[in-house]
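K.L.:
Take a look at the letters that make up each chain.
Number of protein chains: 2
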Amino acid sequence: MVADWEAKAQAKREEIFSSIPKEWILPSVPSKEEQKDVTGDFARQYLSDREVEITETDAVGITAKTTTGEWSAVEVTKAFCHRAAIAHQLLSCLHEIFFDAALASAKEMDNHFEFTKKPLGPLHGLPVSLKDQFHVKGVDTTMGYIGWIGTFEGAQNAKNYRTHESLMVQELRELGAVLYCKTSVPHTLMSGETVNNIIGYTLNPKNRLLTCGGSSGGEGALIGFRGSPIGFGTDIGGSIRIPAAFNGLFGLRPSSGRLPYEGMANSMDGQNTVLSVVGPLATTSASLTLMTKSILSRDPWLHDPLVHEIPWRDSHYDAMKSLLSSGSKLSFGVIRNDGITSPHPPVTRALEFLTSTLASAGHEITPWTPPPHIDAITLTSSIWTFDGGADVHAAFALSGEPPSSQISSVYGTSPSLQASASQIAAINVAKRKWQKAYMEYWNSTSKVSGTGRPVDAVICPVAPFAAARPGTYKSYSYMSVWNFLDYTGVVVPVTTVDKGVDAVDAGFQPIDEADRECQATYDPEIFDGAHVSLQLVGRRLQEEKMLAIAEYVGSVLAEAK
Amino acid sequence: MVADWEAKAQAKREEIFSSIPKEWILPSVPSKEEQKDVTGDFARQYLSDREVEITETDAVGITAKTTTGEWSAVEVTKAFCHRAAIAHQLLSCLHEIFFDAALASAKEMDNHFEFTKKPLGPLHGLPVSLKDQFHVKGVDTTMGYIGWIGTFEGAQNAKNYRTHESLMVQELRELGAVLYCKTSVPHTLMSGETVNNIIGYTLNPKNRLLTCGGSSGGEGALIGFRGSPIGFGTDIGGSIRIPAAFNGLFGLRPSSGRLPYEGMANSMDGQNTVLSVVGPLATTSASLTLMTKSILSRDPWLHDPLVHEIPWRDSHYDAMKSLLSSGSKLSFGVIRNDGITSPHPPVTRALEFLTSTLASAGHEITPWTPPPHIDAITLTSSIWTFDGGADVHAAFALSGEPPSSQISSVYGTSPSLQASASQIAAINVAKRKWQKAYMEYWNSTSKVSGTGRPVDAVICPVAPFAAARPGTYKSYSYMSVWNFLDYTGVVVPVTTVDKGVDAVDAGFQPIDEADRECQATYDPEIFDGAHVSLQLVGRRLQEEKMLAIAEYVGSVLAEAK
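Protein chains in written order, with my numbering: chain A, 22 to 582; chain B, 22 to 582.
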């Protein structure tokens, strides 16, 4: 007999599938073993040349054409809807499909342009995909919970059900963006793999034997497949950067208080020791800049009480750009191993490739010996489980569905003891002290950087692996340390796994048993072809500077390849 | 028999007193009944004309002379040390006296000036007093706790005892300020009256029958007496603004994340739902501007992980200044009664005087009907007691001293149940929703303000009373609502109580029993002469704008008097 929750999940799964126009249904879907990589030519076989041209243009290129009337919003939207529909069939990456509403709004935009000869805003006609935490009128927000289907965040008959829109959604519409789909997440959002009982497991388009990452995994898979040019995820422990990295994308984790989270669904909402932040993932770094600048042009601090009044600072961005264009050298710290989990061979090779490329370009690679990260990671584990899983288990209980193994390994299968006010306060104090120690360490690097300034950015793995094999994502230390510090992180794609080069490290010396297990998941045959990306980390609220550096690093890497 | 804690308190009390040079000891101290007001001519009788001239000059005037060599740092410092010594004898407002260290550092500054002909910084030679939460090398930080005497925040034999300095102290030294005393606080900091078992009860210099306010009460009393030109307090529920108001001063409560709290002692440290903030109190608004701008010139975001990178914005300050100098009108909302506690007659008169003065100057007085404040106040009570008093009772237990009645009325005499992580999270969510509702209300006032902009500032009482009679301070609603919202508040002195004008309101209709009790504490004979001040409230992180408005309002009031 099928459990009630399974029946509900199946109905929702079928409803999603049935939102895809008949003519876009694939005649057959190859197994992941027979077709690991479904990007590039494999994807293109289903598309017209024009659709390929449109969907393989980045957000900057698209808006250059849509804001000048060269491309119509309808044509662009339709091309991305088509490619997104194919993505979902191959990868299981969508939670909500609303192509009709998207085409209607694109049509309105075209009418507006025809009438006024002016774009609606800087994002006129740009399709933007959204992680399934954003509330969009007319559709559900399930966040992967069966109990949230047909409800507002689990509440039955709520008057804001399918009527409320998150602030970011309102702003995107004002800027001219076209919204057309919401993407998959691991239920609870607390995993680097994207799996839930509604849509199952979202695959990595470049290598379907691996995860697309999480928790903004559907975003990563969809944009990686070019079913979207740019989209938004959220990040409390890597959830923007992991899927950006695993799908060969650029992704920005801004500091908290920069972009508006107001009116979004969340897990453990109200835990305010480490805040989840919202940020973009895209195919180019310039797209991230366009998007961040556009959102900030809307003065979000007037509508989100947690956003600081810090407008986009051209002066910061331009200062870094002109430093670089004048041939001045930057200084980069490098974290090759954080002492908690060792990187797999392809990640180590990416680190060496990027640092040697930057050194060849005349930049300094500065020793980086900060306070031990393990202290921050230990505190982070406590923070993520302050409520003993009360919030997530309440959400599971709505339908009776079981948590995935990825989640039960962190939160168990029922709630446990909660932290008290005193315990939380003590952790907040310990956190602030560690942040202070780290910031003073960073200040101190001006003495050794060779530039007279503290280190400009730290180069760091995103994860120990290029992407995780299903069920093996356990180590978040390369990510969550920066959430703990609330620093700015930008992911940059560096290379791909090459089984002919990236051999297993026969002499590997594990730090501990967990490290041994993690390293043992590396298999060149399985990982071959997967994207390998790294993150560039800057200090708190340094979005403009870090985006300028990321653009530069992307261009230097492109030349070096 | 004297209890151990009493003996320790007495020894400390005597040690403080013995730090006053013999020649500054007053021959006799009149009782508060025989000499209510010890400011003005009463204070001047103990001082030379030159000392009066120096100590009755504001921080802007002092630095104009000390940074140009017209006045020596030593002479200025000595004058304020003298007047502070008198203040302590009349008011009991000092916790730590370090005149010798101050004079030594002033001497160094004079030497520096003599040698370089340049000031050390914008605050060269300016005496600055500090609330006893600031750690200063060489002296204790007791925060009024007997158990903290001779310790570092209660820890015995701590290596940072008397060696650690709070970040703000370091920055003040770099800017050229002279530090010379630390001022009294209510133990726990959680009261609008300043009382502890070490120094007793700090009196209001303008009317010693009343409290000087709290928790930065020693600052208020000292600066009100002109024993300091400017000093720093902290504010989690009114603790800068209350003593500023009760002593006829200007005081700034900035939003959190603007000025650095790093390295200071605190109560319930790590409670991060409503953060305590640090800010200046001074005799003029221009002094607050000088100080805020000076501190921000030190880039505190590089040394305090909780400070946002928002430099002093001349553009904001100048925009408001030029709006005003061009004769453009502003729009002010007014809160005459928050529906929780009704103001006493002098406060109501001050509200009418200020609003009619502003209306006469051509400004709009806009109806102000925000979301009911009671919802924020109810949540605030929960926030202040998240830990059930665990932190403050642990501090009392170090010595066995009893809490004052002002404190036991809030925290009892022993710890009670703590809030859980889920309860705290739920309050954080409720808080954010209320902040959102309030901000959208404020946005909406552009439709009725008559300026096309939302209301520029809200005029609001500081407390229901001009100052409280000892033991009667119970209502914090006019204050803590702005901490809850994290808005910018500046206190402006408006008038003084006049028993000939401010009669008891015979037809007073109380809101409830607490309101009746509060109103019943008003007695024109007792309150006569007390300062009556109001606060000007702006939105989050609007320090520059609000300081410009406060300067203007101060000047308009001066003309109207």
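Don't take each hint at face value.
Because identical chains share one entry, a pair is satisfied inside a single copy or across any pair of copies.
[Unchecked claim] DSS-like mimics (lysine-lysine), calculated; alpha carbons at most 25 Å apart, straight line:
#1 Lys180 to Lys342
#2 Lys495 to Lys457
#3 Lys158 to Lys457
#4 Lys520 to Lys457
#5 Lys53 to Lys520
#6 Lys158 to Lys454
#7 Lys29 to Lys457
#8 Lys582 to Lys342
#9 Lys350 to Lys495
#10 Lys457 to Lys314
#11 Lys138 to Lys314
Simulated from the structure, these hints should not be mistaken for laboratory data.
K.L.:
If a hint holds in the structure, say so; if it doesn't, say that too.
P.N.:
How the hints compare with the structure:
1. Lys180 to Lys342: So Lys180 and Lys342 fail the 25 Å test inside a copy (48 Å) and across (46 Å) alike.
2. Lys495 to Lys457: Neither. Shortest intra-copy (28 Å) and inter-copy (37 Å) distances fail the 25 Å Cα cut-off.
3. Lys158 to Lys457: between (43 Å within a copy, 20 Å between copies)
4. Lys520 to Lys457: Answer is neither: 42 Å inside a copy and 53 Å across each miss the 25 Å cutoff.
5. Lys53 to Lys520: within (18 Å within a copy, 88 Å between copies)
6. Lys158 to Lys454: Close across copies (20 Å), not inside one copy (43 Å); limit 25 Å.
7. Lys29 to Lys457: This pair counts as neither: shortest intra-copy Cα distance 49 Å, inter-copy 35 Å.
8. Lys582 to Lys342: This pair counts as within: shortest intra-copy Cα distance 22 Å, inter-copy 56 Å.
9. Lys350 to Lys495: Neither: 37 Å inside a copy, 60 Å across copies.
10. Lys457 to Lys314: between (29 Å within a copy, 23 Å between copies)
11. Lys138 to Lys314: Classified as within: same-chain Cα gap 23 Å, cross-chain 46 Å, threshold 25 Å.
Of the numbered hints listed earlier, those contradicted by the structure are 1, 2, 4, 7, 9.
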